[in-house]
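There are 2 protein chains.
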Amino acid sequence: MEMIDARRVHELLDYKGLIPALETAHLGGMPKQSDRLIYQEPNPEGQPDIFIILPAWQPQEGILAKLVTSFPNNKARHNLPTVNSVYVFINADTGVTEAVIDGEAMIFRKTSSDSALGSKILSRPDAENMLMIGAGGLAPYLVEAHMAARPSIKSVKIWNRTAANAEALADTLSERGIAAHAVDDLDAAVSQADIISSATMAQTPHIKGKLLKPGAHIDLVGSFTPEMREADDDVLTRASIFVDHRQTTTRSGEFLGPYERGIITPDDVKGDLFELCQGKVPGRQSADEITMMKNGGGSHIDYYVAKYLMDRHYGRTFTTSCAS
Amino acid sequence: MEMIDARRVHELLDYKGLIPALETAHLGGMPKQSDRLIYQEPNPEGQPDIFIILPAWQPQEGILAKLVTSFPNNKARHNLPTVNSVYVFINADTGVTEAVIDGEAMIFRKTSSDSALGSKILSRPDAENMLMIGAGGLAPYLVEAHMAARPSIKSVKIWNRTAANAEALADTLSERGIAAHAVDDLDAAVSQADIISSATMAQTPHIKGKLLKPGAHIDLVGSFTPEMREADDDVLTRASIFVDHRQTTTRSGEFLGPYERGIITPDDVKGDLFELCQGKVPGRQSADEITMMKNGGGSHIDYYVAKYLMDRHYGRTFTTSCAS
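Respectively, the protein sequence lines represent chains A and B.
Each residue of the first sequence is one higher than the last, beginning at 1 in our numbering.
Each residue of the second sequence is one higher than the last, beginning at 1 in our numbering.
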């Protein structure tokens, strides 16, 4: 059994290899069994503590168990992140555990490459101006993943509710040779961006659809509960709507409220990454079309990324029977 | 996150410390949440492959996730054990994974100490002759655990369907200074034993109750499905019956068939380790009484043992809020 730490995860999951691998995996289906199990414990200080197990089993190939805790009081109590996780990869031919993998690094890489795959298919190939909304742990990975998917990106603006964090992220990215700048005026930045990636905990939309530039692509990462939302109704009505997986629409506030209020219907969701990668639905159809993809994650993406990681770790060419 | 390998598990879980710790844990209840989740994949060559997750969560204290695979064709296909496993221990105050623990070593130690705790309460304090039925991976641990619980044991006989394995085990134990001998005549050995521990995959009972010596204690480890069985009806009718946990009786062939045929009823099960350790039911009441405990395991025992292991690993005194 090997311990694959964060440094090694980032090394193995460079976007130049990971994004095409994820595209290959989407040529097929989900791992045969994938599920999520949620345990909760009430917490006297507020939101409950949560322990989630996401197992995925592709017969003869791999079993992945992703173990995630979300302890909302961690920051205040221990100055620790709310979410902590670890991945266990089991060889599904032998049942033997092959690796325990750093969870945070995996989540950063898989979430950002999921968004990047959407952009690779949906954004304009000549997109130059990226806007990153949010400056949390995931933000630098989203910027790098989008730049790998669209090497045409020339500048990255960063907006964050707490401006100092946007500036710190801009500095970090600048040190890596990226033309990154923090901005104060979110609306102005939205109106100029070719690609907008948003990864916040917002419950009130901050992307105004009216301001969007023709041809823009919007990547929504934040909302994972019915209460959370990043894009307003105008984004939904102006954009061609895609998701990474159809089931995403059943959990995210980007869809649930607008469905209820009749702003859009499920038929307005044009397709997911499976349909896009397999050519069952067309992606962008004109230079002026506005596209949007809601990234909802899911244990199948964890599985694809973990299988790719293991193959690279052992020096094998990536394959998954999910794709065949 | 630490990797606790087999050598370290065995070092930390010496029986002199582990058996009393397990007794302490049984002064209270189960971890607040414990469960088992079973996934199956059909196998063209025979029995299905199984993946089991056993999570246990004691709030503020610990979350244990035991991941077990059982791949019945492993021996023939890969010369690997059928069962493989790994334990993940998460700090339930922070949600951070503290350790990944070798599963095989944990299973050997927790199963054997569970049996030993039963013997410590139920067997005669002057028991001298032990019979070990079965010579699989667990057998040497059962012998050592029973000897730790009953230092009065002077000799150990070993019977196994394949005699050569019994001899190999006797040699191994002899090298450790234990007076161990392989025997051919199972019935004779049964009739002489003060303590019988049986850990086999038998579906046909091999312990004949008629032969039992007055005062004997029978420790049944093998049967974990309705089809498996090690003790015949006479054992059940002659012995005072105990279990490690009441739920054991709902899964094991030691009970299901005899219940159905009216040999015993659930009322004949006098108590479990919780009731015994807490003094709610009496254990052995006379020198001639025959006692039997069915060891069925369970995620609560994994939890207690893992918590004890972590406390010892960090040099802390063992505590668990399960016990209070």
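Rather than coming from a laboratory, the hints here were simulated on the basis of the structure.
Please note that the accuracy of each hint is not assured.
Claimed, not checked - The calculated DSS-like cross-link candidates involving lysine-lysine, where the alpha carbons are at most 30 Å apart (straight line), are:
1. K32(A) <-> K75(B)
2. K75(A) <-> K32(B)
3. K270(B) <-> K280(B)
4. K75(A) <-> K32(A)
Stated by the list, open to error - Some residues of chain A that are not near chain B, with every Cβ distance over 10 Å (derived):
5. P20
6. K32
7. F51
8. I90
9. D93
10. S155
11. H181
12. K210
13. D233
14. G315
Note that beta-carbon positions come from the ideal geometry of N, C-alpha and C, so glycine has one too.
These are the hints, each one checked on the structure:
1. As the CA atoms of K32(A) and K75(B) are separated by approximately 25 Å, the hinted pair is consistent with the 30 Å bound.
2. For a cut-off of 30 Å, the pair hint linking K75(A) to K32(B) stands: about 25 Å separates their Cα positions.
3. The suggested pairing of K270(B) with K280(B) holds, with an alpha-carbon distance near 10 Å, which does not exceed 30 Å.
4. Between K75(A) and K32(A) the CA atoms are separated by roughly 37 Å; this puts the pair beyond 30 Å, and the hint is violated.
5. Once the 10 Å rule is applied to beta carbons, P20(A) is consistent with being away from chain B; the minimum gap is 29 Å.
6. For K32(A), the condition that its CB be more than 10 Å from all CB atoms of chain B is violated, with the nearest at approximately 7 Å.
7. The beta carbon of F51(A) is not kept farther than 10 Å from every beta carbon of chain B, the shortest such distance being approximately 6 Å.
8. With 10 Å as the threshold on Cβ separation, the claim that I90(A) sits away from chain B is violated: the shortest Cβ distance comes to roughly 6 Å.
9. In this structure D93(A) is not separated from chain B by more than 10 Å, as the shortest Cβ-Cβ distance comes to only about 8 Å.
10. Distance check on S155(A): its Cβ is at least 38 Å (rounded) from any Cβ of chain B, clearing the 10 Å threshold; non-interface status holds.
11. Every Cβ of chain B is farther than 10 Å from the Cβ of H181(A); the closest lies at roughly 35 Å, confirming the non-interface assignment.
12. With a least CB separation of 41 Å from chain B, K210(A) remains clear of the 10 Å interface cut-off, as annotated.
13. Every beta carbon of chain B lies more than 10 Å from that of D233(A), the smallest distance being close to 36 Å; the non-interface claim holds.
14. With a cut of 10 Å on Cβ distances, G315(A) stays outside the contact zone with chain B, its closest approach being about 21 Å.
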